[in-house]
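**Student:** Okay, here's what each chain looks like letter by letter:
Protein chains: 4
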Amino acid sequence: MNEEELAGFLAREFPQVAESYIIEELAENKIRMRLIVAEQHLRPGGTVSGPSIFALADVAVYLAILAMIGPQALAVTTSCSMDFMRKPAAGTDMIAECRLLKLGKVLAVGEVLIFSEGVEAPVARASMTYSIPPVKK
Amino acid sequence: MNEEELAGFLAREFPQVAESYIIEELAENKIRMRLIVAEQHLRPGGTVSGPSIFALADVAVYLAILAMIGPQALAVTTSCSMDFMRKPAAGTDMIAECRLLKLGKVLAVGEVLIFSEGVEAPVARASMTYSIPPVKK
Amino acid sequence: MNEEELAGFLAREFPQVAESYIIEELAENKIRMRLIVAEQHLRPGGTVSGPSIFALADVAVYLAILAMIGPQALAVTTSCSMDFMRKPAAGTDMIAECRLLKLGKVLAVGEVLIFSEGVEAPVARASMTYSIPPVKK
Amino acid sequence: MNEEELAGFLAREFPQVAESYIIEELAENKIRMRLIVAEQHLRPGGTVSGPSIFALADVAVYLAILAMIGPQALAVTTSCSMDFMRKPAAGTDMIAECRLLKLGKVLAVGEVLIFSEGVEAPVARASMTYSIPPVKK
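Read top to bottom, the protein sequences are chains Y, H, Z and V. Oh and the first sequence: position 54 is 53 in numbering that gives the first Met the number 0, straight run, nothing missing. Oh and the second sequence: position 68 is 67 in numbering that gives the first Met the number 0, straight run, nothing missing. Oh and the third sequence: position 100 is 99 in numbering that gives the first Met the number 0, straight run, nothing missing. Oh and the fourth sequence: position 81 is 80 in numbering that gives the first Met the number 0, straight run, nothing missing.
Using 20 Å as the maximum straight-line C-alpha spacing, the simulated PhoX-like pairs for lysine-lysine come out as follows:
| # | chain 1 | residue 1 | chain 2 | residue 2 |
| --- | --- | --- | --- | --- |
| 1 | Y | Lys86 | V | Lys104 |
| 2 | H | Lys101 | H | Lys29 |
| 3 | V | Lys86 | Y | Lys104 |
The hints are simulated quantities; they were obtained by calculation from the structure and are not laboratory data.
All chains should be modelled from the sequences, with the hints used to inform the complete structure.
**Tutor:** Dropping the structure here:
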């Protein structure tokens with residue numbers, strides 16, 4: 000799927016959250032996504048919440064996989080690990096740089112670095128494993 | 000802090016999310032928490048979203064730590080790992096059973112099993128590390 | 000497989016390492032294993048090395064799975080997370096308490112607490128995911 | 000510390016394992032290391048064992064940190080996550096490409112990609128957190 004098809008898929012399948020995300024760039028096994036930071040993503044003090052960062056990493060790996068294999072809404076996260084390394088900058092969108100390290104028949108693994116826009120040092124890193132449902136014949 | 004103090008702290012510091020959580024039981028190094036599942040936690044099909052499960056695990060470890068060391072709003076998650084093992088039951092609250100494995104001066108580690116209420120097999124497991132800010136003198 | 004069959008399998012398939020491990024107890028979805036700590040497991044200062052602790056956790060989950068599904072030498076670790084929480088006691092065997100949280104057709108997940116024998120506070124925790132090869136017909 | 004000082008430190012502090020590793024390249028916040036694969040690293044079938052891959056990732060992050068902060072033998076791994084994605088090539092050295100994502104006063108985080116030499120697709124990825132002991136005055 001290309002950027003437009005991915006965005007359409009996201010809006011159709013996940014209408015509650017789709018408007019928070021923008022696909023900034025798509026390439027083979029890679030995606031860069033933006034979280035448009037709004038009130039609902041913030042903790043007191045203006046920092047972006049952990050669950051919002053998790054969700055951004057998760058959607059980035061999901062879409063990177065779908066871009067390669069097509070609209071499989073049933074791919075599911077089976078495991079993740081994250082390190083939260085720095086406080087996000089206040090009032091700033093977040094950017095996820097995702098790369099697929101493996102795209103197998105059963106499992107896919109992606110790694111993600113997450114930044115406050117315009118800040119060089121990453122806020123967090125994540126790795127996510129997705130289970131890919133078998134193709135029905 | 001006891002259950003009432005923890006609930007008060009949560010309501011005061013995290014008013015956006017506090018009403019979704021109930022402390023079910025508190026003991027030394029242990030906490031059981033409920034996520035009152037509502038529309039905002041769901042994905043299409045009625046399943047509880049990954050970020051909602053992450054948030055439940057995160058708040059359970061956070062409150063288990065605060066119960067032991069007092070109201071340190073500045074304790075922050077530094078790393079987490081999660082395994083998502085089964086689909087949550089639709090329309091059912093989620094229960095987190097959390098245990099602190101380490102409560103050091105600098106780092107605390109908690110592990111969490113997450114269930115759909117009334118279902119024996121766990122939906123997910125999580126381990127979370129928190130960094131505890133040094134006490135100001 | 001029972002304890003004897005598991006020990007025989009380990010000795011046959013992994014002769015280099017089998018003599019370091021003892022199955023202490025086996026139950027449904029559970030295993031307790033001992034690492035007989037010897038020179039090759041130590042770091043300077045007498046502490047058990049990280050790779051030795053990783054190996055103990057890994058073999059515990061592996062054998063817990065095989066006890067349930069039979070001798071599948073081809074089950075492989077696909078992911079792990081570990082927290083190292085305390086220094087192992089010097090000159091003391093290590094004990095792994097493993098529980099399977101999921102035993103699916105494709106993936107199995109086990110969690111492990113690792114102790115220095117006779118010490119209550121755990122040295123480390125681990126979670127391991129294994130991929131189970133499809134049954135050949 | 001430069002490459003020579005790091006190699007000397009490794010030989011002095013970890014004589015049992017030092018001869019298995021070569022520092023291939025060192026730069027700011029980066030290191031590339033080689034595991035000289037020998038009998039003791041192999042599993043039946045000629046594949047490199049999980050603990051050997053863990054050990055390689057661990058030593059790479061450790062030396063990347065020491066290169067930046069000096070010979071702190073007491074830095075310890077506090078957590079790790081790994082994904083094992085492909086079978087290592089038989090009879091081939093392994094290469095770890097490590098990058099430090101954070102080097103704080105208390106915690107350092109490194110990520111590592113691990114390859115069979117000459118093969119483009121990674122065998123494994125790891126992230127490791129080290130706790131850095133406070134400087135004694």
